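Fit chains B and C to the known structure of chain A by using the hints.
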Amino acid sequence: MNSIQLIYLVPLLPLIGFLINGLARNNLSKSAVSIIGSGVILGSFIISILIFSEVSHKDFSAHTISYFDFINVGKIKVDFAFQIDQLSSLFLLIITGVGFLIHVYSSSYMHEEDTKDFARYFSYLNLFVFSMLLLVLGANYVIMFIGWEGVGLCSYLLIGYWFRNTDYNNAAKKAFIMNRIGDLGFLLAIFWMINTFGTVSFHDLFNTNNGIISSISATNSPTLVGITLLLFVGAMGKSAQIPLYTWLPDAMAGPTPVSALIHAATMVTAGIYMIARSNLMYTLAPTTMTVVAIIGLSTAILGATIALKQNDIKKVLAYSTVSQLGYMFLGLGVGAYTGAVFHVMTHAFFKALLFLGAGSVIHAMGGEQDIRKMGGLGKHMRITYLTFFVGCIAIAGIPPFSGFFSKDEILAGAFAQNPVLYVIGLAGALLTAFYMFRLLATTFIGKFRGSEEQLQHVHESSSAITIPLIALAFLSVSGGLVGIPEYMIPGSHRLQEFLNPIFAQSNGILPKHEISHHTEYLLTGVSTILILITSIWAWRKYKNYQTETSYKSGFGKVLANKWYVDELYDALIVNPLKFFSRFLNNIIERSGIDGIVNSVGRGINYSSRQIRLLQSGQVGTYILMMVAGMVILFIIQLFAK
Amino acid sequence: MLGNYFTFPELLLWCPLITGIIAFFIKESKNVKAWALFSSLVTLLISCISLYYADNAKYFLYNYVAYVWLPFIGSSFAVGLDGMGHLLTFLTAFSFPLIFAATYKNDYKKANAFYGLMLLSQAGLMGVFVAIDALVFYFFWELALIPVYFLCSKWGGEKRIQATFKFFIYTFVSSLLMLTGILYIYLKTAPIATSEHSFSLQSFYTSVIDSGDQSWLFWLFFIAFAVKMPVFPFHTWQPDTYEQSPAPATMLLSGIMVKMGVFAVIRWVLPVLPLGVIKFDNIVIGLSVTGMIYASCIAMVQNDLKRLVAYSSIAHIGLMCAAIFSQNTTGLQGVMIQMLNHGVNIIGLWIVVDIIEKHTGIRKLSELGGLASHTPLLAIFFVIIALANIALPLTNAFVGEFAMFTGLYQYNPWYAAFAGLSIILAAVYTLNMIQKVFYGSDNIYTKVISQVSAKQKIVLTIIVVFIFVAGVYPKPVFNLTAETVTAVLSRLKN
Amino acid sequence: MEIKWYIFLSVALFCIGIIGALTRRNAIIVFMCIELMLNSVNLLLVAFSKMHMSGIAGRYPGLATDAQIFVFFIMVVAAAEVSVGLAIIVMMYRNTHSVDINFLNRLKN
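Chains as they are written, first to last, in the numbering used here: chain A, 185 to 825; chain B, 500 to 993; chain C, 60 to 168.
Bound conformation, chain A alone:
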């Protein structure tokens, strides 16, 4: 049997898991919940592997499997259809694979929750995987949008999982609203596409034979630039780019596995997936490409600078995620699509690993997240320490760990485009190496700075936590080997080969910047040496981290306060909007419109009261008035004409 036909099971299984865990949450035991919750994802993972093996055949061509008419009215023709090709099958693997590990991890990490909440957690997590799979599998932008909003919703639910805490709720709300701002851009892009192209299906737009976009030869047409920019707004929201990135660090309010799954490995990469999916449109709109590259690079630097001064273990990782996502957009912006997707993959491995490691630490520390109160944990938690160390090396980009290959590919693309981009990108990479090793050293090396009680409690986590860590560490080490660059071993960039059908059209259009192998070796060598130096410097500096540094003034304070961006948004958008709404409510609505309506009523009331005085009760007066009336009528009758 052709495993492609089983594709509907991939999202369906998590949905079933969600329904079972959600509906029967009062009746299931914790182990049943975790078995169902993880089992369905494992099922999806196995099917994904089958599909992936099918897709990786040489003669495979993209499939669109349509199930039923979703919205088919007027100009809108949207099928409920799935797209199976190299890109989606790769993402299926990442989502279900990493997703499965994190489900397993969660079953131990969340074990202290009430059974009901435990089931709620797993059902949300399953729902998230379902939405994410829908996003990746959708064969048109509308189905993609369903998943797109769906993951936003799950992110909201999971950030606010501990709903009794108002701060967490605020963080959840912020995430959802920021995402919605992006979603509006996405929606407008969809409307635009429906109205100009009459379709939103990937096949109709991008297929090589008669795709609508494929047949456009002019670059930078206003329509394409507009659509791509609006789509990018959507990506900004979901993938936490400037100016819509502030929700992601706040989203760390959620349980740590959630941060690993949603806010590091999968959901936040949706924007990259979407742009990679529409790569042809972007290639035809170089203006947008430039915007994407600049925003990506700025975000990469901004995130990295803020991460330097954060003291919350999860916040450091969150800003690191923002920064890494920026790199991915840089890759997209310079046309290194494969590099961006490659980085999505490796980032999913090492960032999930780092978050899960952080979770293990937080678990051991009894909920403490401040790295100033940690230190020396390496002795007590060997596996966590070692795997975290692997993650650090991978993210810093030290060969031959996975991060090195993917980041190197993006930076090489940037260099080909413009050496300035490369230099700034490299600076960001150095910052990354610095803050990661600062984090590593402060947390695991040196003296323990927490309370005695915490020290007693510190222990290595259970195997349900460590096994996913080890698996991810293995992937972080070896994941990069699927994309060894051409100049090192020719013909060994298997990922590029694999994804070639997706990006072939774009690559045909993009201007070719050939860099000689010599230059590439030089660049790699320089960057590796610099990164190594920075890492060691950070390691030495923070190895014996002792004193509490507080940032009273200067640049450090600005960084510690995240460049005051949240305050800026409050002052520029949130408060004026609130003020405006109050103004509308109190002035326009109450006094204005309602005022008019009420004053009409009051006017009638008042004049009636005045006229009432004529009814004096004196019969004589009435008769007099009657007579006067008659006389007036007479006069009118006689003289008016």
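What the hints contain is simulated information worked out from the structure, not anything from laboratory work.
Incorrect hints may have been included.
In the DMTMM-like style, the derived pairs of lysine to aspartate or glutamate whose C-alpha atoms are separated by at most 20 angstroms in a straight line are [said to hold, decoys possible]:
| no. | chain 1 | residue 1 | chain 2 | residue 2 |
| --- | --- | --- | --- | --- |
| 1 | B | 974 | A | 263 |
| 2 | B | 974 | A | 253 |
| 3 | A | 762 | B | 803 |
| 4 | A | 261 | B | 982 |
| 5 | B | 658 | A | 778 |
Quantities reported herein were computed from a predicted structural model and do not represent experimental measurements.
Same frame as chain A, but now just chains B and C:
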């Protein structure tokens, strides 16, 4: 046999009318509740059967009938069901059992009068949706409204008299405007000297009205219907009335009665006054879009649960109005499906609001909180319905709003972009509401909340199931109304 | 007799009626004055009828007497009115022991 002896529109009309009158004579409060629920279920059954016979090409005789009524002035008792009629009679028939079942626990003084009036109002609504004669339409329009005045003024909250008065003035003035308009068009319905004036929809369509007359007639009709919908700036009766009315009346008003306005614009304004529509569509869409943003902003700062829902409803109706006047298939089909979806969703919201108010006695957002710890089930229902209300994909409202926005975009991208801001604002106030009511820590008021009753559970489950089914597979609804939309638009294009 | 004398007479009667109704406070006298006005109008109606219709009486016999029948109607209605009015005055006297119209002005507040 069906078409010869009785037709669906009549059945839908007489069933609530007769049972409603009977309800007045049932003394026992318990019995009258059961009677009302039974009656509404029968109506629902009829409506469901009628949907099976919705195809007018085959079953025309089942769906249209005309009796001699006032022949000397050219009016006949003509009723009929097209796709839109089927849709809205179904909404009416579907909503009433939900309303009755969800508020089954509430006790009202003089229950017989209360339920009698509710059923009479249902009869009026049915009449409005099936009427194809202007006079019949006007008659039922008033019949639907009058019971609501009594429902609000006798069973409402503290400031009920004031609110009802405002509601009455608004709707009464607007009805008079409409009557003037109807009479004027009636006088224009005899294009040839030998033909006679008539109130029938068909002759309204064929009436000859020049562009100048259409301009002012358009406003007469539009204001009448805009008040009902309500569209900014004719909306201020709505929050007050929703706040003060008894829960079933609020559900009735917001779930079905606002659809009267939308329906009437599509049936009586677009095809009858096409020149007026084309002339003023920009202004109307401008008003609607402004209203959407305006109402969303105000909803953000409301502290009263009921008023918040009321303003959110105004924002959603604004989109419907804008989509109607964008005059294309996509937008109009979106409005069609959204009428059904919004009706069901908002009734769901009111049911939850009513449960909260009945149990805790408060509606202030600032005083509520932490309900999710005590009634997780209610929280789940509320979150689903509220998210459906802000058009999350795979819920029913997404389909409608998506189509409406696409239609609006087709008309003018800037309107769509501006109106799109309300998507964000809707998320803001809805999440705020969810957070303030259900999340956070509880207090002495919110601790007393008990479990949801079995009937309410069933009702809310039905609504939630409906939300997802219509959200995933909206095709049947689109098919149902396709014919009406084509007919209306073909009148506009000429 | 010329029509003008009838007119003078009825105007005079009407004025007496008005002045009486305006100036007197006794309910019975006011009532009588109202009747006086009514009858002055009746008189005028009959007089005009006689004047206008004498010429056409031969051709339209029915029409000539219309106004006079009309007057009878008025008189019948007036009689009914008198009975009601007097009854009210009697009730008023029973309640207040007075027939002064200004005494009953409690409607004012």
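How the hints compare with the structure:
At roughly 11 angstroms between alpha-carbon atoms, residue 974 of chain B and residue 263 of chain A fall within 20 angstroms of each other, so this suggested pair holds. With a CA separation close to 7 angstroms, the supplied pair residue 974 of chain B and residue 253 of chain A stays within the 20 angstroms bound. Between residue 762 of chain A and residue 803 of chain B the alpha-carbon distance is near 17 angstroms, which keeps this suggested pair within the 20 angstroms criterion. Taking the CA atoms of residue 261 of chain A and residue 982 of chain B, the gap is near 18 angstroms; set against the 20 angstroms cutoff, the hint holds.
For the hint linking residue 658 of chain B to residue 778 of chain A, the alpha-carbon distance of about 16 angstroms falls within 20 angstroms, and the restraint holds.
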